[in-house]
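Place chains B and C on chain A using the hints.
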Amino acid sequence: MKRLAALLPIIVIALHAHAEGTLTVVNFGGANGTAQKKAYYEPFEKLAGVKILPVEYNGEQAKVKAMVETGKVTWDVIEAESADLDRGCDEGLYEKLDWNRIGPKSDFLPAAVHDCGIGIFVWSTVLAYDANRLKDPPKSWADFWDVKRFPGKRALRKNARFNLEFALMADGVKPAEVYKVLATKDGVERAFRKLAELRPHLQWWEAGAQPPQFLVAGDVVMASAYNGRIDAAQREGRNLAIAWAGGIYDIDYWAIPKGTPNRDLATRYIAFAVGPDAQAEFARLISYGPTATKALTKLDAKTLAQLPSAPANAKDALKFDYRFWSDHGEAMEKRFNAWVTQ
Amino acid sequence: MEAVADTMVDVRAALRRDARRRTATALLLVLPLALFLLLTFLVPIGALLWRAVDNPEIARAVPRTVAALARWDAESPAPDAAYAAFVADLLALREQTDAGMLARRLNTEVGGARSLVMNAWRAQPLPATGDAAAVRAQLIALDPRWEEPWIWQAIAKNGARLTPDYLLAAVDLKRTTDGSIVTMDADRSAFRRILARTFGIAAIVTAITLVLAYPLAWWLSTMAPRRANVLLIIVLVPFWTSILVRVAAWIVLLQSGGLVNQTLRGIGLIDEPLALLFNRTGVVIAMVHILLPFMVLPLYSVMKSIPREYVRAAVSLGSHPLAAFVRVYVPQTYAGVAAGGLLVFILAIGYYVTPALLGGPEDQMLSYSVAQYANVHLDWGMACALGSVLLAATLVLYAVYRRFARMEPALA
Amino acid sequence: MAETPLVRFAGVQKSYDGITLAVRDLDLDVRRGEFLTLLGPSGSGKTTTLMMLAGFETPSGGEILFDGRPITRTPPHRRNFGMVFQNYALFPHLTVGDNVAYPLTVRRVPAAEREQRVATALEMVRLGGLTARRPDQLSGGQRQRVALARALVFDPAMVLMDEPLGALDKQLREHMQVELKDLHRRLGVTFVYVTHDQGEALAMSDRVAVFNDGALQQVDTAERLYEEPANRFVSGFVGDNTALAGRVAAIDRDFADVALECNATLRGRLIGPAAPGAAVQVAIRPERVVVRESGGPNTVPATVQDIVYLGDHLRLRCGIDERTTATVKHPVGSGSPPAIGARTHLEFPAEHVRIYP
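Chains as they are written, first to last, in this note's numbering: chain A, 1 to 342; chain B, 343 to 754; chain C, 755 to 1111.
The shape of chain A in the complex, shown without the other chains (with noise of 0.2 angstroms):
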């Protein structure tokens, strides 16, 4: 019983003091936290003279709900995904943005807009592989189905997101088909029965960083990863490759946290970090799309290459439906987690 006390964060955070002067700012951690680091934290500090404690998540809604309903709200910003900023924006999880502080909503990508949210960055879920192993590349979803052809473990995210759409797309389902085809019962036994064939094959990932680390370390032949990680990896000098075609693109979002008490500071950051200059800083620095279209004439044609934006990686790309993912994810999720562990 202790330990599911331990798991009601509520506790936990009441202990924690808000410290004077610091701006608490949290982000999904790895190669994005670092670019985050460098590109925002660092330039912020300098210029408003205050501390910027950054902290890692795996993107769980449920500490930022037990802060906002004990009223006891430690985190200031928070890089949200768009079905969770979408849901937490109608629940009254995040605050209201102040748009004329931040600038005008035509300076961003009509996606990138949103009541509770400012687009950080596009990023794409991808297929992912290690160049070294696999000489004759994957190309599709269907490859990476294709276990005769590339025999190995591979690695998926674990949950329903993301892989719900693979699986389709390597059962035919041509990317702007998948959301129509998951809308539908039938739609949702298929993509499930897909994903059962794979079943044997698979081992899950649940942060950012561990897909490259897998496939790195030779325990998957293909993974699905965050671009920008693959990305990182290949700084460092890995030979891991990207499939771009069914990869699925989102933005991730900045939002503050409904009752911080730091709600001011709060915007100057965002009102600071989502400046075309800062976020093209951020962009060379890990290879996740601008929101701000400004930003994107500061880029070298290398870098642009290198962004899930550029049209060479977008063309058979999805994009991500939130408002689906809002309606019917945690249907989706619930299930998926019983057929998970079973």
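Since the hints were derived computationally from the structure, they do not count as laboratory data.
Please note that a few of the clues may not be correct.
To be verified - Chain B stretches covered by chain A per the calculated footprint, using a threshold of three residues with CB under 8 angstroms from any CB of chain A: (1) 403-409; (2) 437-445; (3) 531-539; (4) 666-678.
Where is the CB? At the ideal position from N, CA and C, for every residue including glycine.
Leaving out everything else, chains B and C in the frame of chain A:
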């Protein structure tokens, strides 16, 4: 005579006063602990049990709708009055958050309810609100799904302040719209299996710790206290290191390129690395390691109190030393076996971090589901219901132990 | 030729650490049917000797013979000796009946016979009817008897007892001594009994073996042990003793004259070899000392320092010189006793005085 009686009355009164004073002192002495336990133990458990049946969102957000659906048969189209009541309820919601909570709760029941409710809320106020039939038409025009019965069924089903649904779901049961209780579909249900697995893993871990700890504890108990203490400290070392450190150490040791596999390959025992990580083997190995002290300590303390004369006596009476050990010594350690076994088992069924980090999805125990529902699905009702199942399982185990202990006075 | 002893210790040695001997060069016979007590202070080797006999300790040297055959290497469970431990060692998880039945069960005695023999054994120790009790529901004396019944029920070749009465209070202990003695007489089984309590040893035993410092000092009947202690240690350990230091003045066959430090000279039986001038100890039982009003042969002047009334006798403590006191048992009613502080004379009758080198 009377004087004597008076004296006796005085004495009795004095005794009563004295007893009262002692009771008051005792109460005062245990009061801080009682308060502490109340706040840190009983209140959280009470809250846990309460949240497992608490279902306030719908009753609070849409009371009129719930009332309007009270006589609905859940099959025919929902009455116009329900549509009107729903819109009235939405209008009465002060903030978007309130609508968001309603949408979230309904979406837990049935996927798609979120957008349905949020869109309806955003469309408020509707042009016409007076005529129920007109309201109905407007809602359906907004989204044709309003015509379907499922959203109304979800509202009607959860109109009550308390719900058995979470607890039912925690044991793979559900209520149908007509109120009968049925087993969940095989592809949606997992908890019975996970509960069985939780008990299975706990039983295996308990058995292995017993097999490992028994000879060790016996050996320690035959030693001089000073040496035994030194060795006990070594046994306790895992106990003093953080669970994450220990788990990380096991990952390093057990991974396919880890020390264990390298050694086995080095001495030529295996060609391919053994899969020791992210499966049941790794979980059991690490849990046994972590829980071993909880078995060794009760066994050791019981064994230490058993004089060697018992086995000697049995041997002098003609028993083979091995038979004497089994028939005379072992029965006297049952108390330690039961205490250690119960301790390890109860701790094991609550394990979360170790299987989460060292096991595959097929090796997760009930606590994992609790964490999953609390952290990922944000479904605290379900998390609490699963926690309650775990609590109930623990209490049942304890009751069994008590029963067993009563039957066997040697255990007491 | 004498009958073969039941047990013979032949040159048995035991060392636990390889340096000091817990038992040294032990030659001791246990006679058939006797009640032999091993007596000595703690650490004297008596318990080690019993444990070697039981088989729980292995001698470092020498041989133990049972009925003429060596049993030194026979494991304890094959020796067929009943044993009673100081804490009784009743199995707490078994009933009284099952405890007593245990040796029969391991010997695969058929159930009906087993039941009958258990009942007989419990009757024998007067505990019939307590079969279903558990050991923790019994009093100390009752547990003692159960242990005894359990050690006897399988008709052992011998019964070994390791301070079995040590945990009982004085009254119960004395009562049990009588019962044990009586039981021994009725059964005729050989008892080997270990105690540090000389009163207990003298009260029950046919013979007593006195141990000190790992060595056997004397084996004799209680009476001879008391009246004819073989050495200084035995005379001091068994029974009360008044001991005075002196030097041999003259030797006359079995007798010697000893000059005490207070200038008096005492005559007594010389036990062991001593040359004139050698330092010796003069010992006498307190009840043999006679209080005289005037001096005479074999008397020593003394001052009464203390008088304790003990019902049947008075115990006087008399100072002979600054460092030496003598204890005297003075029977009540044999003349008026001297008062505290009185000058008096103590007569040490020569036939009761022993002189130890």
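Among all the numbered hints in the text so far, which are the ones the structure does not match? Per hint list: 1 and 4 violated.
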